[in-house]
Structures are given as structure tokens and as C-alpha cells.
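Engineer: Sequence:
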Amino acid sequence: MTYYGTEKQQRLQRQSDEAQARIAATPGLVQAGRFFSVDNFDLIDWAFVDERLAKDGVFGFRMMPTTRIEDIRQKLGSDYRVDVWNVCRRTARWQSPLAPQSALPTYPMG
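In terms of my numbering, the sequence shown has 807 at position 28, counting the first letter as 1, and numbering is strictly consecutive.
Warning: the hint list may mix true and false statements.
[As the list claims (entries may be wrong)] Each pair of labels, with its calculated beta carbon distance range:
#1 W825 / M780: 19 to 25 Å
#2 G784 / Q853: 18 to 24 Å
#3 I848 / D824: 19 to 25 Å
[To be verified] In silico BS3-like cross-links for lysine-lysine, where the CA-CA straight-line distance does not exceed 27 Å:
#4 K787 / K834
#5 K854 / K834
#6 K854 / K787
Keep in mind that the hints were calculated from the coordinates and are not lab data.
From the three backbone atoms N, C-alpha and C, an ideal C-beta is built for every residue, glycine too.
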């Protein structure tokens, strides 16, 4: 396989490819492209997160509820930055004019 990007990006991509069996066998662990990520950090050993951060400098927390973000910040401490964004923002532009209002899913804003 050919990898692109900086030397670090290529190393991370190769590592992700080589870890597919482990990712598939580990509940909560997901591949985020070039780095490891979790979609439920209660299912993984936090020592794994520490190990990956020390080695890779990056780790993902995918689709975490807003109520859990502070838990993640506390576990990481002040040594790491936590970037967040809202991926489920419902706007009037998004809503289909054909769907009755009651049929639309409701997402917490935040």
C-alpha cells in the first residue's frame, strides 16, 4: 500500500492498517483514519489511551455526548487539548419540507 503525507502521517496510517484485527476485536475502539479513536471510552482501558497519546500524540473520542466531554478533559489533564464540534446540528435549512415536523429526529443542541 502507498501512504501519503508527512513521515508521521504515513507511520500513523500504516499503524492503523496493521491494527485492523485489534480494532475489530475491541469493543469501543475505532479507526479514525490515521489514528485510534473510541466511540465509548467506558469500554476501553484508559492505559491504552495514555499509551497511544504518548506514542502518536493524537487520539480521537468519536461522537461523544456533550455530557461526557468534561470527563474526557479531566482524564486527559492539562497536557492535552480537546477539540470538539457538533456533528448533529439540525437547522431549518436541513429539514425536509416534505417531512412532518413530528417525523424529524430531535437532537440535543450543544
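Engineer: Hint by hint, note whether the structure agrees.
Structural biologist: We went through each hint and held it up to the structure:
no., hint, verdict
1, W825 / M780: 19 to 25 Å, "violated (31 Å)"
2, G784 / Q853: 18 to 24 Å, "violated (32 Å)"
3, I848 / D824: 19 to 25 Å, "holds (20 Å)"
4, K787 / K834, "holds (11 Å)"
5, K854 / K834, "holds (17 Å)"
6, K854 / K787, "holds (25 Å)"
In summary, the numbered hints that this structure violates are 1 and 2.
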